[in-house]
Amino acid sequence: MKTAILHRTLLILLGGSLFWQPVLAQDTPDWSGVWGMQGGTIFDQATRTGEGGSTTPGVREHPPYNEEFEAIYLANLALRDAGVFPDPNSYCGIPTGFPRLMNLPDVYEFAVTDKQVWIISENGPNIMRIYTDGRTQPPADDLWPTHTGSSVGHWEGDTLVFETLSLHSSEGGTTIIDRTGLQLSDAARIVTRMGINADGQMQAQMTIEDAKALTAPWVVTKQYRKLPEGTRVFDYACNENNRNPIDPNTGWTYTIGPDGQIMDINPGQ
Amino acid sequence: MKTKLLLVLTLLVTAQASAHHSNAMFERERTIELVGQVEEFQFTNPHTWIQVNVADENGDLVEWSIEWGSPNQLGRQGIRPSTFPPGKDVVIKTRPMVDGSPGGLFVGARFSDGETIGRW
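Residue numbers (my numbering), protein chains in the order written: chain R, 1 to 269; chain B, 1 to 120.
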């Protein structure tokens, strides 16, 4: 299924950045509509305990961590099991970032334009820009870490293939991949192949390399089901009425009562 | 018919409702029923809250805070800000807070006309 959108031939070399290259005209697929992620908000099936757990296939097993990152992950899992893992997403302030951005509840839109693809998550909200205009990755000096990194891609038929670099490190626990505490380092390089599979589901296969954290490439696949025509997407303002502040020291989730004051007691205190 | 629809939808919602934070503050297994009147339905992100006035053992009214899913998820599944009108009599089924505070995680509700929402 194709749209009538055609990529223009980009004559970037005539007046653009030095690292841009011309892109030939091509069709782009129709990714319109609203999509819902399948399989729960964790990457690692082996960590499923019910809370936030996955019930359908689509994610892989335990990541191939080296000794250092395995120890970090096991410690985070222990906190998660006690209900006190300090998930940055629960603080309502830090963008989710990539690749966790592909692993959220609520819904998605995938906007294909002739020069960029935008992955828009209602939860957050978050937006990730993937440049398909023929540019290459910026020089190293221009690659400071960001939450969604730097993504440059191209089309292989109806499959979008993109590389993501320059992601924030998980050092200090500020960036995690999912609610179980999966982490990556600032050396992460992720190549994503994304398109609609034979079952009509959007599929994003992410091959994650990380020389500081992983002993082998880690392949994670997430799938998204197209929701009925007319499905609405709404604002998501996490601080609108967040009545569950997190204790930064203990990770305990408090509850704010109708008088605006915390009403419960942290059993660990 | 409406009840069945809401039941199915709520089961879908509860599977995703824990995305924002841990639910360690709620009892995992025990469910209680609260008989009261709706004070307010906060149809807001990141979670909705049903405020319900419930008489305690001394007859004094206590305002309970019942946490539910996000308005976005619920809205797509048929729940509206008008679903819990202020002043309406309701029985709420909830997983209460572990420390006994007047709050809980929404499980289901039944109105006096027999309409039910969620798992009942």
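A hint or two may mislead.
Part of the chain B face toward chain R, derived, beta carbon under 8 Å [claimed, not checked]:
#1 Ala24
#2 Met25
#3 Gln42
#4 Asn45
#5 Gly75
#6 Gln77
#7 Ser82
#8 Met97
#9 Asp99
#10 Gly103
#11 Phe111
#12 Ser112
#13 Glu115
#14 Thr116
None of these hints come from the bench; they were simulated from the model. Beta carbons are placed, not taken as given, at the ideal position from N, Cα and C, and that holds for glycine.
Now for the hints, and whether the structure bears them out:
Nearest Cβ of chain R to the Cβ of Ala24(B): about 2 Å, under the 8 Å cut. The hint holds. Here the hint on Met25(B) is kept, as its CB sits about 6 Å from the closest CB of chain R, short of 8 Å. A distance limit of 8 Å between C-beta atoms decides the matter here; for Gln42(B) the minimum to chain R is near 6 Å, and the interface restraint holds. Annotation: Asn45(B) was flagged as interfacial toward chain R, and the flag holds, the nearest CB pair being 5 Å apart, inside 8 Å.
At a threshold of 8 Å, the smallest CB-CB gap from Gly75(B) to chain R is about 7 Å, leaving the interface hint in force. This hint is violated: Gln77(B) has a C-beta 11 Å from the nearest C-beta of chain R, more than the 8 Å allowed. Here the hint on Ser82(B) is broken, as its CB sits about 17 Å from the closest CB of chain R, past 8 Å. The criterion of a C-beta within 8 Å of any C-beta in chain R is met by Met97(B), whose closest approach is roughly 6 Å, and the hint holds.
Look at Asp99(B): its Cβ gets to within about 5 Å of chain R, closer than 8 Å, so that hint holds up. At its closest, the beta carbon of Gly103(B) sits 5 Å from a beta carbon of chain R; the interface hint therefore holds under the 8 Å criterion. For Phe111(B), the interface hint is violated, the least distance from its beta-carbon to any beta-carbon of chain R being 22 Å, above 8 Å. Against a cut-off of 8 Å between C-beta atoms, the interface hint on Ser112(B) is violated, since the closest Cβ of chain R lies about 23 Å away.
Annotation: interface hint on Glu115(B) violated; nearest CB of chain R at approximately 24 Å, more than 8 Å. A distance limit of 8 Å between C-beta atoms decides the matter here; for Thr116(B) the minimum to chain R is near 24 Å, and the interface restraint is violated.
In this structure, the earlier hints numbered 6, 7, 11, 12, 13, 14 are contradicted, and the remaining ones agree with it.
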